[in-house]
Amino acid sequence: MDPGLEEISAKGRKNPARQGGSVMPHEDAGASLPDPAAGAGARFRAMHGGPGAFVIPNPWDIGSARILASMGFSCLATTSAGLAFSLGLPEGQVSREAVLAHCRALVRAVDIPVSADLEKGFGDMPEEAAQTIAAAAQTGLAGCSLEDHTGDPGDPIYPFDLAVARVAAAARAARALPGDFVFTARCENLLWGRDDLGEAIARLQAYEAAGADVVYAPGLHDLDAIGRVCAAVRVPVNVVMGMPGAAFTLDELAQAGAKRISVGSAFARLAYGSLLQAAGEVRTRGSFTFARGAASFATLDGIFKAAEDRMLPK
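For the numbering used here, add 178 to where a residue sits in the sequence shown, where the first one is 1.
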């Protein structure tokens, strides 16, 4: 489940990432640490070992991916909701084939590592979680996330033992790949009315023990909760911003111990929100002042021309 959709639902150990300090996109921690000749997975993994926190923004199509890459971000992650909305579908209704094609297209469109939000993966069983990892790696992705949300609103979270088995199978599959691949395990409890932070932390600790490289619990709305999660695990923690009720700075998140900051579907929803507002102005008032806030043709054309030139075979 994309954390940007939370509004529709009911509501120990030292982390080496807790070093404080953030890195802005143009000087991203991941930009100088990895060897440019290394594979995308190795480059992506190295970003998680640098100082402070880094931002992994979420494009929803090739155009938004290339815009974000042009702004100096060192990596990208897909958004399941953003992809679905771009296809005119509700989240969770995009086919396996379309998801993998989207991942492949974004990987080929930019020269920075791309990770993917693959929701629960392509099935419920542990072996299907492992197959999801193998299929994702074949697209050229540097990593992906799998969540413990079942996709069934009536029974939204996998039982603990099954959820852990899925993570373990996915982690083994990632380790078996010929190249590096960063696997993130997500606990969705807080998005589905299971507000016990202790239970979420217990799941994240179990996912870490099962082999996850990164853990992630969308729905953390205060810095104290974020800090508790980060202190409870040794692996890097992803925190999502752009959700209602959470508007912390990169520095604040880094001080709390977060390593990787994503925005989920927020950028896509912002773009569609701007379209709704502009179309509403035209439809209801017959005016066109919305165009004052539009990006210029020259700006967008320049970004995409430079991206095409950068991706030409050398």
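Take the hints with a grain of salt, since some may be wrong.
[What the hints assert, rightly or not] Label pairs and their computed distance ranges (CB to CB):
| id | residue 1 | residue 2 | range |
| --- | --- | --- | --- |
| 1 | E459 | P337 | 32 to 38 Å |
| 2 | P356 | Q455 | 46 to 52 Å |
| 3 | L267 | A457 | 16 to 22 Å |
| 4 | G451 | D479 | 21 to 27 Å |
| 5 | V460 | A387 | 51 to 57 Å |
| 6 | R488 | E305 | 37 to 43 Å |
| 7 | P337 | F466 | 35 to 41 Å |
| 8 | F482 | A279 | 32 to 38 Å |
| 9 | A469 | G329 | 36 to 42 Å |
| 10 | S465 | P356 | 53 to 59 Å |
| 11 | L355 | A283 | 19 to 25 Å |
Just so you know, the hints here were simulated from the structure itself, not pulled from any lab data.
Even glycine gets a Cβ: it sits at the ideal position worked out from N, Cα and C.
Hints, one by one, checked against the model:
1. E459 x P337: 32 to 38 Å: At 49 Å between Cβs, range violated.
2. P356 x Q455: 46 to 52 Å: holds (47 Å)
3. L267 x A457: 16 to 22 Å: holds (20 Å)
4. G451 x D479: 21 to 27 Å: holds (24 Å)
5. V460 x A387: 51 to 57 Å: holds (55 Å)
6. R488 x E305: 37 to 43 Å: Because 39 Å falls inside the window, the suggested range holds.
7. P337 x F466: 35 to 41 Å: Because 54 Å falls outside the window, the suggested range is violated.
8. F482 x A279: 32 to 38 Å: At 20 Å between Cβs, range violated.
9. A469 x G329: 36 to 42 Å: holds (40 Å)
10. S465 x P356: 53 to 59 Å: Holds - the Cβ-Cβ distance for S465 and P356, about 57 Å, lies within 53 to 59 Å.
11. L355 x A283: 19 to 25 Å: Once the Cβ atoms are compared, 21 Å apart, the range 19 to 25 Å for A283 and L355 holds.
Violation of the numbered hints given earlier is confined to hints 1, 7 and 8; the remaining hints are satisfied by the structure.
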